[in-house]
Structures are given as structure tokens and as C-alpha cells.
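Top to bottom, those sequences are chains A and B.
For the first sequence, our numbering gives the first residue as 8, with consecutive numbering after it.
For the second sequence, our numbering gives the first residue as 57, with consecutive numbering after it.
These are calculated hints, taken from the structure and not from any lab test.
Careful, some of the hints might be misleading.
Residues from chain B shown here face chain A by an in silico Cβ test under 8 angstroms; the list is partial [claimed, not checked]:
| # | residue |
| --- | --- |
| 1 | A92 |
| 2 | D110 |
| 3 | F117 |
| 4 | I127 |
Just so you have them, the derived chain A footprint on chain B, three or more residues with Cβ under 8 angstroms [as the list claims (entries may be wrong)]:
| # | segment |
| --- | --- |
| 5 | 132-142 |
| 6 | 158-165 |
For each residue, glycine too, the CB sits at the ideal point set by N, CA and C.
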Amino acid sequence: MTLLTTMMERPLDAGYQEATDRRIAAGLPGATSTRTVLVVVLAILIGFLFAVAAQSLRPKPTAAAAVKKELVTRIEALQKHGSAQESKVAALGRQVRDYEALALKQSGGTDLSGTIKALEVQAGAVPLTGPGLTLTLDDAASTDTDADAGSRPSSGFQEGRVTSGDLQIVVNGLWGAGAEAISINGHRLSSTAAIRFAGQAIIVDFRPLSRPYVITALGSPQGMQQLFEPSFAGLYLSQLTDEYKIRSILAGSDSLTVPGDPAARLEVAQPVGPPVGSTAPGTTTPRPGTSAPKRSASAGDAPTATSMATNGAPSKASSGATGAGTGSPASPTSEENPS
Amino acid sequence: MIPVLGLMAGLAVGLFLDPSVPVWLQPYLPIAVIAALDAVFGAIRAILDGIFNDKVFVVSFLSNVVVAAFIVFLGDQLGVGSQLSTGVVVVLGVRIFSNVASIRRHLFKA
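Here chain A stands alone, though its shape is the one from the complex (with noise of 0.2 angstroms):
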């Protein structure tokens, strides 16, 4: 207690009181100037002494900074380098499609490359045009206010982000109000595709989101709207607006395009019953053209096929698809192609 006493107390140096009274006592006035060489000496060493300390002791990108500073452009090049691959991947499949369509046409199978695009459609492996919807879903202004103010279903996180489960269920309520493709931010959901969450990403088809979150549904945009607004996923997008002021737009378009799935693969399911790879160009003589539908008919893919096709989804056929490959359920590549 002595020392803090004397701490709180009497901060002041005692010496300079002392040496007062000593000058006092030689008869000398008690305070020294303040303008005298060694003051100022001192006064100039103290500040240098502050520019120097505030100067290398201020923050300096460190080396874990540097190393991340790396692994950004690092990420930055791979998903460079992993886009052009998908166009590579694109262009390639565009080539196989022909080729593929030359040699049914020379085999005589001409049927066949029909029915392989109407697959491909419902496989979500080319690129759709048409009209439809655009939501457009952003976190709220103040995302790092109100810490909280309550709980909410799929969230420990901030309440004013929009979670993969916000996603979920609007994506859902898109595709029961009849939407027929939707693609988020640019990626198709074809029916491999899932949207999760990784710590406060969103991760749809395996690709990290950034928001704003942009879903494009085909389909009639009338019919969709009256559908989705009055559903649960309808009311619950205007309850998140309404409570955690995410901020939602809801627009119809008469030309939306919604790309094809480059990534589409089924690399361990199989058909059911001998495979339809049989039929796969050049390989075989050309079975009567019929059979390969009437086998996936079975397998109960070409009803929905067909509808899909009669519906008039409009394909655009010559772009942005991988071929045969797509994972379309009739598809042999899996089989062929182990990679």
C-alpha cells in the first residue's frame, strides 16, 4: 500500500522540489530557466525519439499478410485458369455434339440426336433461353448492427445475411411455382446440384457465392409471380424483408438466359438394365431407331423428356455444352471415360 500511496500521491519526482530548496537555500531564484542548452538538447531527443518509435513500431505488413497476400492471387489465377477450362471443356463438348451429330447421321440414327438433345435439356446441360423471373437477394444494409434481436430458422450467424437456407427454400419455392431452369449467380442448377453453406458462404454447385445473390428462373413470369408470391417461400422472403430487411427484387423479363451446366457428370450411377452406351456413335450398327427412347422411357426419364421438349424450353443447342458427357441419365460417357 506504501507504494501505491506514494505513486498516486506524489507522482512528481521528488527531486525537483529538492533541488528548489537547495537553490532557495543558495540564494538562488527556485525554478531554472526553461530555455537553457541541455532543455533543449533533451526536448529535440524526446521528439526525435517519438518519430522514430511511432515510426517503426506502426504496423508493417507482416509475413503472414505476404502469404496471404499470395494464396489471394493464387486462388485469383486458379479460378482464372479454371474458367478458361470450362470453356475449354464448353468448346470441346460443342465439337463432340457434332461429331456426335455427323455420326448418327452417317450411321443412319438420325432420330437419335433428338431425342439426345431433349435429354441434354432436362439434364440442364446446355444453355436456355426464354422469359422467366430475376430475385435478386442481398444481405441488409446493416449487416453488422443489432447483434441480436431474435433467432431464426438455418442461422447462428448475423441476422441480416442472406443464409443458404434463405436460398434454399426460395430456390424451391421458384422451382413449385413452375419455374423450369434456374441458375444463381450464373450457375445452373442442374439436379447434382446443392446449395450449402461453408462458414458464412454460400456454396451452390460447389462454387463459393458473393452477394448479391442473383436467381434466374425460367418460365412464365406471370404465372410464376401470382404462384410464388401468396407460397410459403414467397411469405417467407417478405417476412426476411420485412424483419431483417434483407433486401429482395423481384422482376420478370421476357429474355432471360440461364447457362448450361458445365460440370454435370454422373461419375458412379448407371443406368438401370444394359447400357444405353451401346448406342454411342461409330461403336455398334444402329439399333432401330426407337429403342433407345423406349428404354429410358422405362427407366421413367423420357416422359418428362418429352414434355420438356413439347413444352417448348427453347435450347439453344449449339452452345456451351459438354456433349455427351453431361450426365444426361442415357449418357454412356461415365462408362467410357473414366476420368
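Given chain A's structure and the hints, the job is docking chain B onto it.
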């Protein structure tokens, strides 16, 4: 006023030259800054009290810096460097606060 100008000049020189501090000296810099601040505020208080003495000022600054640096050095050698640095910062910080409070009383009579 002249010492203030000297302080400014020192700041300007330090900012302009931007000397690189050797790594072994860097742990002592924050402590030296705190010690210097303590000496400066002590001197200002002494001026306002009318008992300023230039030799005491210089000696108190030098001894502050040396003792603080020694404590940090000792802490490094003993493996408790950060704790002893904290102790130095706490003691000098309390002194700075009291001195500033006294200066405030002198200047604002409050």
C-alpha cells in the same frame, strides 16, 4: 516555447530521416516512449509549480529510460518480458495521469 520548438524539430528530423531501428532495440522503444512522456509531463508540472530544474529534468528522463529498459531487459532474460513491461507501463502510466491531472488543475483551476 523554445523546448516545444525543439520537440517539433526532433519530430521533424525523426520523420524525415526515418532511421531503421535495429531489431534488438525494438522491444525497448515503447517503454522509452512512455518513460519520455512521464519525464515531459513531470517537467511541465514542475514548470507550472515553479520548481523546474533543468538538471533534474535531464536526469529524471535518462534514469527513467535506463531503468525501464533495464527492467524490460531483465524480464526478457528471465522469460517474463511482457509481464515486466506491463508493470513498467502501469507505473509510468499512473504517474503520467497524476501529472496531467495536476497540470489540468494549474491551467483550468478545476
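Hint check:
1. Taking 8 angstroms as the C-beta cut-off, the interface hint given for A92/B holds, the closest approach to chain A being about 5 angstroms.
2. Contact between D110/B and chain A, as hinted, is supported at the beta carbon level, the nearest pair being about 5 angstroms apart and thus within 8 angstroms.
3. Contact between F117/B and chain A, as hinted, is supported at the beta carbon level, the nearest pair being about 6 angstroms apart and thus within 8 angstroms.
4. For the restraint placing I127/B at the interface with chain A, the shortest Cβ-Cβ distance is roughly 15 angstroms, beyond the 8 angstroms limit, so the hint is violated.
5. Given a C-beta distance limit of less than 8 angstroms, the hint that chain A covers the segment 132-142 of chain B is violated, as 0 residues qualify and 3 are needed.
6. With 1 residues carrying a beta carbon less than 8 angstroms from a beta carbon of chain A, the segment 158-165 of chain B misses the three-residue requirement, and the given coverage is violated.
Consistency with the previously given hints fails for numbers 4, 5, 6, ordered from lowest to highest.
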